[in-house]
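A.B. asks: Now for the letters of each chain:
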Amino acid sequence: MKPLLQVENLSLRYEMEKQNVLSSLNFKLNRGESVLLLGPSGSGKSTLTSCLNGLFPRELDGEMSGNVFVHGVENRETKPGERSQAVGVVFQDPETQFCMMTVEDEVAFGLENIGIAHQEMEEKIDSALALVNMLPYKKTDIATLSGGQKQKLALACILALKPELIILDEPTANLDPIATRDFISTLKDLKNNLNFGLIVIEHKLDGWTEITERVILLNQHGEIFHDGSIREVIKEKGQQLKEEGIWIPRVTEHILREHPYLQEPPLTVEEYRRNPVLLADREIDQPIKTESNTVPLLEAKDISWTVNKHEILHNISLTFHQGEFVAIVGANGSGKTSLSRMLAGLRQPTTGNLLVHGKPIKQWKESMLRQEIGYVFQNPEHQFITNTVYDEVAFSLQWKDMRPSQVQEKVEEILDTCGLLKLKHAHPFTLSQGQKRRLSVATMLIDNQSLLLLDEPTFGQDAHSNQELMKLLHKKHQTGATLIMITHDMDLIHDYATRVIIMKDGRVVEDCSPSELWKGDPEKLEAWQLTLPVAVQLKNIYEEEVNDVLTTT
Amino acid sequence: MNNWRFKEIVVMAALAVVFGVVYLAFLPLGSLLVGFMGPIGYDFIFGIWFIVSIIAAYILQKPGAAFLSETIAAMIEVLLGNAVGPMLIVTGMVQGIGAEAVFAATRWKNYSTWVLIAAGMGSSVTSFIYGYFMSGYAALATEYVIAMFVVRLISGALIAGLLGKALSEGLARTGALSSFALGKQQRKDAA
Amino acid sequence: MFLQRLNPSYKAVTIIVFIIFLATIFEPVTPLLFLIWTLAVTFLFGGVSLKKYLLYFTPFIIFALGMLWTSIAFADTPNNPSDTISLFGTSLPKESVLTALALSLRVLNVAALSLMFVFTTNIVHFILSMMQQLKLPPRIAYGVLAGYRFLPMLKDELMIIHDAHRIRGVNQAKTMREKWQNYKRYLIPLLASAIRKAERTAMAMESKGFTGDKSRSFYRQFSIQKQDFIFSIIMLIGFTISYLISYQLG
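Protein chains in written order, with the numbering used here: chain A, 93 to 645; chain B, 17 to 207; chain C, 251 to 500.
Hints listed in this document are in silico derivations from the structure and should not be mistaken for laboratory results. Predicted, not measured: the structure shown is a model, and the values here were computed from it. Wrong hints could be hidden among the right ones.
As the list claims (entries may be wrong) - Now the stretches of chain C that chain B is said to cover, found in silico as 3 or more residues with beta-carbon under 8 Å:
#	region
1	282-292
2	403-413
3	455-462
4	478-492
The C-beta atom is built at its ideal place from N, Cα and C for all residues, glycine as well.
Produce the entire structure from the sequences given, and follow the hints as far as they go.
C.D. replies: The following block contains the structure:
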């Protein structure tokens with residue numbers, strides 16, 4: 093029998109590029125089989141998607157050689173649009189996959205494309221929505237759905253066409269951890285019931301290894317450097333993975349950090365439970381001692397915020413001292429971003445007061461305030477205002493009384509720290525995701541503000557750029573600056589934060605140190621939709637096991 | 017329709033949405049001007065209507081881009097809730113023809129500054145002829161009508177032509193146009 | 251309601267036809283009467299909320315008033331300057347006043363016709379029906395719908411960019427040049443992001459098998475029925491009556 097998918101010698105080069113995006117790819121996928129396709133950003137993963145579902149070479153500006161067979165039929169031999177019935181794709185960005193206003197119309201769109209008769213549509217729409225538990229939202233406006241719901245809708249649209257191969261192109265990159273888990277578990281159930289082939293393109297492995305352990309690895313030149321089991325790769329090519337910026341499962345990473353020569357490191361918490369090894373408590377950098385009797389850096393006194401009669405923040409009082417590294421966590425829509433905008437003085441609270449260095453924020457001159465408080469936005473592009481990387485950083489110094497030579501020295505120093513010096517003449521928009529992120533941080537570092545707020549700075553970053561970013565922030569914290577960071581990443585909090593603030597429905601429901609939070613009531617964490625960091629989970633398991641051993645003997 | 021890539025059409029629609037928002041932002045200003053000066057008030061900002069067709073034509077450099085983009089822009093405007101309703105689509109087509117005619121005269125080969133300015137003015141001309149009949153400018157004093165026409169020509173030249181060119185080029189520098197004619201041309205020039 | 255049930259494309263074409271009819275008329279009585287007729291049809295068969303209607307209609311009234319006084323002030327030299335009427339204590343050529351009135355009423359009537367459409371039509375359905383009844387190519391129809399979805403995202407982005415620029419200390423622009431610089435700083439990222447969104451959306455749609463082919467089936471089907479003809483007849487009767495009365499009055 094012919095394999096479901098066969099890729100032979102596939103190479104692709106875009107017009108006016110010197111190098112191939114994909115180089116001589118060869119792989120096979122059998123009916124119902126799954127594979128994880130991993131590679132750093134820029135390794136041509138998304139390009140491959142277009143090759144597999146037949147958009148390329150038809151829509152390609154460039155050259156493509158080699159063959160893609162689905163059930164033995166080459167893609168070039170199919171009519172436009174025909175292939176997309178057999179090969180369905182869910183893309184990364186939940187916002188830009190739809191063209192209709194309501195959920196039902198969107199599912200119908202795909203059915204209309206392949207000419208399903210009008211009288212059969214309703215039933216097909218209902219059954220596809222039911223598969224992903226979205227039937228109650230049939231008449232809902234797509235714009236009101238959460239990111240996770242949008243991705244499930246995207247999946248339903250594909251499922252309605254009954255594809256034999258589904259490609260997921262970083263489907264959870266823009267989702268929070270809870271939505272990610274939900275999406276993966278929905279997919280796992282579907283996979284068990286409908287026998288489709290699955291290619292998951294990712295740079296994070298967490299969660300996916302439960303679906304399959306076969307991985308195909310691409311390097312930065314778009315070549316396959318491994319096709320086989322994930323366990324082998326970790327064993328044999330761990331270092332290379334790291335260099336290519338691929339996230340190995342966090343559990344594995346954590347254990348390998350302490351036991352680099354472990355032969356079969358576990359991939360999930362469950363596997364660790366079966367065979368726990370000792371993990372030392374890692375020292376967390378002690379925060380710079382704060383003196384609570386000095387004037388606090390920033391003080392929120394009973395602030396509330398109402399928009400269109402809808403109260404978004406309720407009676408929040410918080411005090412921030414110099415040298416703190418604060419993490420704000422909470423489900424989407426809990427008011428984290430609104431609170432951070434308020435703390436930065438970008439929004440005025442409806443009631444209550446904000447004090448910066450003991451002085452009401454309203455009495456601050458805007459320009460003075462900006463020298464105290466910096467803010468790093470989720471999407472770095474929003475902050476860019478000039479045409480080159482150099483100017484972007486220099487812009488922040490324009491009001492400082494500095495000689496041009498001083499400016500140049502300072503800018504270049506910061507660019508060097510952020511690994512951007514070689515790119516100083518590039519246009520900020522043309523940088524890679526990781527570079528853009530570092531540039532947006534650089535523009536805030538150069539000003540030496542005493543308080544820096546960050547809105548999910550690690551969002552959508554690969555492992556490598558994430559590390560670079562945290563290094564920068566850590567350095568900034570060491571100089572005595574205060575950092576307030578919105579994040580979903582509990583491991584990050586465990587590694588860096590000195591204080592955690594938990595938001596729920598516009599209120600602060602917890603404000604304590606990370607270690608206190610980990611020791612707290614597990615049911616509460618569950619209710620706030622939070623999980624323990626991997627390190628803490630592993631430690632707990634180990635202690636449980638040891639206790640078991642102690643009590644049973 | 018077959019020489020168009022679907023993404024080019026969606027890009028035109030996306031441009032139209034952005035400028036639809038920009039136009040709505042300027043509309044109160046226009047209404048205020050009309051209150052004081054009569055219909056000539058709108059003519060000052062009339063060029064914003066045509067900017068999409070100039071940008072689309074300059075970015076895509078294809079026959080029909082100016083006409084099609086302006087028609088799409090008008091449909092988007094109707095979707096955005098413009099009270100003028102379906103008539104706007106006719107208006108959009110008329111405006112698009114003006115710019116398209118100028119590009120057609122160069123056989124869609126020349127996209128220099130002067131051609132872009134002329135295309136902006138081309139839209140001014142066709143839209144003015146249309147307005148002349150639909151809004152009954154015939155009843156107004158000849159001097160006033162001429163003044164309106166001149167203001168609209170200038171608005172078309174500056175706002176649509178020059179501004180459209182500047183924005184397209186600024187956009188090309190960001191790399192967002194890498195798969196469109198203008199972006200490709202720019203990379204070729206750089207190489 | 252009756253107006254809501256009509257075929258959107260048919261309704262649009264009917265209204266455009268009457269707007270063109272109106273452009274041929276230069277006396278005030280026909281547009282006045284037909285305006286009343288249009289309003290009556292809108293409220294009787296459309297069940298439109300008066301408050302909302304006034305909100306939209308008021309700008310047109312202001313526009314029409316502006317039109318009125320400028321058309322008098324900047325009127326073409328009348329053929330018969332001795333024939334005057336006195337208004338607010340000044341005497342004005344009757345012909346100019348009548349033409350100005352006619353133009354202003356035309357503006358109002360066109361507005362009323364447009365609003366009749368806008369308030370009784372689901373605009374998304376209008377686009378879909380243009381594809382089914384007016385042979386609008388599917389690529390354009392779905393391209394437009396896809397673009398329309400960007401609106402809320404762009405509004406959010408505009409706000410975020412505004413905040414982000416404040417943080418960067420983008421100063422309050424004083425000169426024209428600085429203002430232009432600031433506008434450009436807003437527009438370029440907004441346009442760049444819109445274009446990339448458009449490319450991604452187009453690719454996602456094509457991945458769902460969209461080819462722009464005309465032979466597609468429709469989940470929401472639109473057709474032209476008897477009621478649509480009834481609507482055009484109602485409007486035609488209104489227009490004819492208005493025209494005849496005006497003719498009778500000379």
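A.B. asks: Run every hint past the structure and note whether it holds.
C.D. replies: Verification of the hints:
| no. | hint | verdict |
| --- | --- | --- |
| 1 | 282-292 | violated (count 0) |
| 2 | 403-413 | holds (count 3) |
| 3 | 455-462 | holds (count 4) |
| 4 | 478-492 | violated (count 0) |
The earlier numbered hints that this structure contradicts are 1 and 4.
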